[in-house]
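Chains as they are written, first to last, in my numbering: chain A, 1 to 412; chain B, 1 to 644; chain C, 1 to 145.
Source of the hints: derived by calculation from the structure; they are not laboratory data.
Using N, Cα and C, we set each Cβ at its ideal position, and we do this for glycine too.
Some hints here could point you the wrong way.
As the list claims (entries may be wrong) - Here are the computed distance ranges between Cβ atoms for each label pair: (1) A:F227 <-> B:E63: 37 to 43 Å; (2) B:D212 <-> C:K53: 37 to 43 Å; (3) B:E286 <-> C:D30: 40 to 46 Å; (4) C:D64 <-> A:D251: 28 to 34 Å; (5) C:D30 <-> B:K289: 43 to 49 Å.
Read off the chains here:
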Amino acid sequence: MKQFVIIGNSAAGIAAVEAIRSKDKTAKITIISNEEYPVYCRCMISYYLAGEVKEEKLFYRPKDFYQKNNLELILNKKVSRVDPKKNRVVCEDKTQVGYDALFIATGARPRFPAIPGIKKKGIFGLRTLKDAKEISSLIPVTKSISVLGGGLIGLKAAYALRKRGIEVKVVVKSKQILSQMLDNPAAAFLQKRLEDNGIELLLGQDVTEIIGEGDIQAVKLGSGKVFGCSMVVVGKGVEPNIDLVKEAGIDCKDGIIVNNLLQTNIPNVYAGGDVCASSHALWPIAVEQGRLAGLNMAGEKIIYDGSLGMNSIEFFGLPVISLGIYKTKEGDAAYEELKVCDPKENTYKKLVLKGNILVGVILAGKIKNSGVFLRLIREKIDLSSIKDRLLADDFGCPDILDLVKDKEKVYV
Amino acid sequence: MSKIEEKSIDLATQEALQKAQDENIKTTWDRLDCQQPQCGFGQLGSCCTVCNMGPCRIDPFGEGAQVGVCGANVDTIAARNLARKVAVGASAHSDHGRDVAHTLALLAQEGEHKHASGTHTHNYTIVDTEKFHKLAKEFGINPENKSKEEIAKELSKKLLEEFGKQEGELAFCQRAPQKRQQLWRKLGLTPRGIDREVVELLHTTTMGVDNDYKNILNTAMRCALSDGWGGSMIATEVQDIILGSPQPIRGKVNLGVLKENYVNIVVHGHEPVLSEMAVKAANDPELVKLAKSYGAEGINLVGICCTANEVLMRHGVPVAGNFLQQELAIVTGAVEVMLVDVQCIMPALHEVSNCFHTKLITTSSKARFPGVMHIDFTIDNAYETAKAIIKAGVENFPNRDKQRVSIPKHEMDLVAGFTKEVVFNILGGQYRSTYQPLNDAIVSGRLRGLAGVVGCNNPKQTHDLFHTVLVKELIKNDVLVLQTGCSAIACAKQGLLIPEAAKLYAGKGLQEICEAVGIPPVLHLGACVDNSRILTAASHVIAQGGLGEDLSDIPAAGCAPEWMSEKAITIGLYFVASGVYTIFGASPFAVLGSKNLTNYLTNEIEGVVGGCFAFSDDPLEMARLMIAHIDKKRQALKLKPAMY
Amino acid sequence: MKSLSYDVKKCLGCKSCEIACGLAHSLTQDLFKAVKEEKLSLPRKNVYAVKGKNFPLSCRHCDDAKCVTACMSGCLVYDQDKGMVMHDESRCVGCWMCVMVCPYGAIRPDLKTKIPLRCDKCKDKDEPACVKACPTGAIIWKETL
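One chain only, chain A, in its complex shape (with noise of 0.2 Å):
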């Protein structure tokens, strides 16, 4: 019988040992995560935060899931290290699991910037539940906060702390909020609709000290502006959790390395998720990662097509996709941008062509169509013939049904 061991227990993980059940029914499988709750949903704290969902539904598989699966859990505990040589994995508590194939979903954690005050009291990330029940238990006697980093998380908590009633203050580092995600007219919509419900945002700013004796009871610019809050959420990227693999002989860089089986370069040793390197942070890419891991530790030969930036948040009624390469460097003739926007009605659409080919999109107000843009991307087909629709408002699936690989099978 086989010995699979799956270190996390997110959504890589746990699309992990659904595909290794879908291909062996009776391997042993046994998931070992340092946090106290049965899978839930990463994503979805910051709904939690904000009060819009209760916390049973962050559980996304039914409670009867490992057992329905015959899965060992085990919660609670940090796998310290990871020894191939050996095949096991050892904890913080000296125990050790042995397997015959490994997968690594350990995920990430949020960075902390090295400044004066960071380690005081009142200082969170939001990437855990625990993180969210603390920030939670903290409402009642929380009159303002400072959010540090315009990104997706930072603006996910102040997003859920406005929606709870507190004073929020973003500031960001840049000059526009989500820089990692959208174009500048994208951030800008963004921005407006953020600041018409009341979540102050401060662009080119820094934090350069926390300020407060025990509680915290200020935040420090780098301009020398200090403005009091009593709670501070830093959402300023995140770092791979790759401490257990440092001296196992796998290969590292901002991240685990593999190769397109998701293979780390020790063969019966896989990572997904946020932990591997250049991978995008995003709930369908760990799950896709996780399955085609899980089915080639089961014995399968997938190949995984490599990940594609994209994400989708909504804010106040107003959702944003972005998809591929969203910004361009002005003056860049290999790029070719097509953009409509209608402030109006809240709408915007850019398109990225290279050569004819979609390799970015943003996509505000109307996101009915992101996925027919994504598949023109991953297929990467030309365009040209159908360059003039594009933009237009009804522009859909049947537009592009000469031009896709798959042979139409609804449409008689």
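Mind docking chains B and C on chain A? Use the hints.
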């Protein structure tokens, strides 16, 4: 497919439908099934086919197109669609009125001609001289020392001018209470010329003219008023003059009036001028003799739809049925000829008549079928035409397949012919013709109020059900019901148009009145063109005093529970524009796609003209709404509550 | 297992299927009332016109559904027996991941309710409303293998 009992409450109809089904003959109900589901854009009035940039439709559920290619929004589109229907409905009744006025003009000419040659026999004459003179005076013609031909010449000229007038006011507007006339003038609703209002309304609805739904509605109201207080009223008045003013008369109704051993001739449509001659021709001894020679016992002339109402109330001619029974009359297998004129003649009649020996004969150059026998009717060949048609029927008798004849036995008595002159005069007794007793009855609360229940049938609703349930509920609550058209026939079939109905169905107050005067609780006022009689009668009620100063003050309400025709919309709109609260059943106007227009029609407009629309698909709710409105008006007049 | 397909030659683009779909998913199930509902029932089907042909478009219930993989709340599940992507609206948070990845653009984000809408083959009814509504028989509802 629904059960036969769900298609009609009328037993004769059920029987005939069963026969149609057994013989695999398709009727309107089958065709309705084939049309399911009907287009939602059409039902909501959010489809526009006005110009060739379209057709356009407005998504009623959200994010699809909210304006047409030209930029028209759903308010404009729905208002234009409604307005066009109003124009068509007004045209139908008014063109009918024009034809009748034209008959009067020809009658004058023929009279002159006769004087000159002394040989020509014309078929029409002045039957109601009193009314003739009264109408002449109303148009400023002094009838003294003038021959009837001279008066007819002058009067018909004046009447025909009403159609072509460009300025001024339609003469019959003077019949409305002063206050109403002033309101119309203030709102610019007073119609100037019948044809002009139709043309102007159509103009405003073409691409790129009127985009203000309220303004479109205003123009539509003016057009509708030109029908109610113009074209329709002319039709009614002149028909009374040349065909005779109806008097209360007993008759029989339903398919059972077809007779197995007789040559059965059915007249169907709306204009009674030819049917009048058909009635005479059916009694022509020569033709009766011919019929007997073919083995028939005689000639039996009956009617369908409003032509039936017309010949019923003038001659007591039996009524075979209302709108939805036109095909079924043929399905009995006992009809030799169906003679049709204009309006509400189903195109399907040709197909159904082909299943039998029945000859369908069209008579109006305006209304023909491909492949159907046409005998063109003009008034100088009227009697000859009628005879030729009856003769064709008699000669068709031997072709009847006796094996396939099955006439439902159901028939019912009714009393018809309560015109505005007789309706209420009768309440005052023969020698004291006044509206006072009616007004007194309402003031005292013995009568709660008046209701006009009118309109068509519609297979979307169980045939006759809404008419009868609604009317029964109204008379139960001491509301005197005035009826026209197919609605009157529906209630007649259920025995509501006989004096005995008062005892069975009416509330105590209404019962007392009916018994004292000897009238039914439900009064038959004529064809749908005769809805104008209700307007005149209501004006008399106001003139009599005690019930306010305007039509909108009267404790009264109107309803078309099973409507289908564009004419019904126009009638509804001229009632509303005259201040009457009016309910439409079956399905609402095709305006619900526009919230603004719907709200205007059912709410805001009451503040403008004193009447408004309501839509309901439940006859008891309709009754409740009407009674509530009547009570509201009673309260406003500070009348005592209803007595019982 | 039955599924929807379309005879494009027969589609006149009348959008009757759109209305029927909206109506079938309304609270009142009555056209005249449905258009007055507070939360309008949006059609899950749309007709697109491309080069003179009309294409009714709605969820195809792919067996390798990208939306199911992308769903982070666990509200989407592919039901093998029914041949359908099942959507548990009570678990859905409106993250639009499914919309982002649907290769057919067949999921309609209802921004008002924050629920993505898709064809549910009219659930318990023996025939979807759009099939009944199509006046030309362009929408085909038949067994697929």
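Hints the structure fails to honour:
Of the numbered hints, 3 and 5 do not hold.
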